[in-house]
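If you read the protein sequences in the order shown, they are chains Z and X. Following my numbering, the numbering of the first sequence begins with 64 at its first residue and continues without gaps. Following my numbering, the numbering of the second sequence begins with 64 at its first residue and continues without gaps.
Hints may contain errors.
Said to hold, decoys possible - So the derived list for chain Z, only partly shown, Cβ under 8 Å to chain X, looks like this: (1) Leu194; (2) Ile207; (3) Tyr210.
Quick caveat, the hints were computed from the structure, so don't treat them as lab data. In this text, a Cβ means the ideal position worked out from N, Cα and C, and glycines have one as well.
There are 2 protein chains.
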Amino acid sequence: MPKGNCRGNGWWHGKLRGCGYRLTMGREAILDVLSKAEGHLSAEDIYMKVHPGYPHIGLTSIYRTLDVLSGLGMVYKLDFGDGRARYEFAEGPKGAHHHHHLVCTGCNKVVDYTDFIDEEVELLRETEKGLSKKYGFKIANHIIQFYGLCEACAKKK
Amino acid sequence: MPKGNCRGNGWWHGKLRGCGYRLTMGREAILDVLSKAEGHLSAEDIYMKVHPGYPHIGLTSIYRTLDVLSGLGMVYKLDFGDGRARYEFAEGPKGAHHHHHLVCTGCNKVVDYTDFIDEEVELLRETEKGLSKKYGFKIANHIIQFYGLCEACAKKK
DNA sequence: TTGTTAATGAAAATCATTTTCAATTTAAGG
DNA sequence: CCTTAAATTGAAAATGATTTTCATTAACAA
Numbered sequence: 064m065p066k067g068n069c070r071g072n073g074w075w076h077g078k079l080r081g082c083g084y085r086l087t088m089g090r091e092a093i094l095d096v097l098s099k100a101e102g103h104l105s106a107e108d109i110y111m112k113v114h115p116g117y118p119h120i121g122l123t124s125i126y127r128t129l130d131v132l133s134g135l136g137m138v139y140k141l142d143f144g145d146g147r148a149r150y151e152f153a154e155g156p157k158g159a160h161h162h163h164h165l166v167c168t169g170c171n172k173v174v175d176y177t178d179f180i181d182e183e184v185e186l187l188r189e190t191e192k193g194l195s196k197k198y199g200f201k202i203a204n205h206i207i208q209f210y211g212l213c214e215a216c217a218k219k220k
Numbered sequence: 064m065p066k067g068n069c070r071g072n073g074w075w076h077g078k079l080r081g082c083g084y085r086l087t088m089g090r091e092a093i094l095d096v097l098s099k100a101e102g103h104l105s106a107e108d109i110y111m112k113v114h115p116g117y118p119h120i121g122l123t124s125i126y127r128t129l130d131v132l133s134g135l136g137m138v139y140k141l142d143f144g145d146g147r148a149r150y151e152f153a154e155g156p157k158g159a160h161h162h163h164h165l166v167c168t169g170c171n172k173v174v175d176y177t178d179f180i181d182e183e184v185e186l187l188r189e190t191e192k193g194l195s196k197k198y199g200f201k202i203a204n205h206i207i208q209f210y211g212l213c214e215a216c217a218k219k220k
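Throw the hints in and build the complete structure from the sequences for me.
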């Protein structure tokens with residue numbers, strides 16, 4: 064097995080084990096799918112993608128693993144208002160590609176955007192600091208979502 | 064009936080009727096509760112509050128009305144990650160008091176904050192304009208939520 | 001008042017997510 | 001490699017918020 068490969072699988076092993084979790088085949092399969100997938104997957108999406116390579120897995124384990132991973136901050140759990148949660152990998156070994164979401168309330172399409180992220184990040188850092196102090200919160204995370212109608216849906220109206 | 068009272072009930076009548084909806088007793092009761100309540104109510108919270116004054120009402124109608132109202136932008140539907148939606152009145156006759164949320168992932172407590180709102184609003188206006196143009200979205204709305212642990216929950220850990 | 005149609009409540013249906021529980025797998029120690 | 005305790009699993013049942021169905025009622029234009 065080529066050396067270059069070892070790091071690829073290695074880092075989440077440490078993260079899980081370090082927190083007292085075991086790295087099982089199911090979890091590995093899920094992490095594999097999440098890390099490769101672009102975009103926002105529902106539990107069932109993930110199930111579908113994991114199943115071919117690891118048919119043994121059940122939906123229940125997907126949910127359980129997703130819970131663990133989002134508890135560890137390795138995965139973000141998102142809500143776009145359509146009644147099912149979406150999950151996305153928080154960051155790869157190469158680092159985070161921070162982005163936010165633009166949600167069409169007509170067709171539920173979701174656009175990831177990274178525009179204006181720099182200014183945003185700057186402001187949010189400040190805000191976060193201020194809120195932390197004022198309300199005694201230890202802030203771990205934030206979301207920003209814009210809602211509106213995409214071009215197609217706006218026309219239909 | 065004192066003149067001063069007429070405006071109080073009047074403005075949402077117009078809004079609903081103007082969009083082809085009827086102003087029923089149930090809807091009025093719900094609007095009444097929403098407009099007076101501080102904070103974020105679940106459908107069931109609203110049911111509880113409406114029931115004493117209007118026992119005839121069913122939970123189903125609460126959901127249906129809430130749907131209509133959020134469709135009209137009179138109510139915001141919020142998700143704090145605990146599996147039940149919360150609703151808050153978008154603005155009173157006196158005008159909006161724009162705020163965002165700080166959610167404790169330990170105990171689900173939610174703090175409304177208005178700090179830094181001015182800078183935020185400024186930045187978001189810009190961002191909104193840019194995104195609108197770039198992605199062809201007609202943006203109606205946005206949310207910002209910070210997640211973390213409140214003081215009490217941080218200690219427990 | 002009357003007719004048309006939207007709106008309603010109750011009960012049943014949905015559907016994503018959780019829980020239960022017995023069987024299996026992991027990883028640490030011999 | 002083998003054993004063992006505890007974590008993890010899958011299947012099936014349970015949960016619980018939200019929706020749908022459908023027959024009845026209420027709103028309001030004429």
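Hints and how they fare:
Interface hint status for Z/Leu194: upheld, as the beta-carbon distance to the closest one in chain X is roughly 6 Å, under 8 Å. Taken as an interface hint, Z/Ile207 checks out: its beta carbon lies about 5 Å from the nearest beta carbon of chain X, inside 8 Å. Among the interface hints, the one on Z/Tyr210 holds; its C-beta lies about 4 Å from the nearest C-beta in chain X, closer than the 8 Å criterion.
Every hint, counting from the list given before, is met by this structure.
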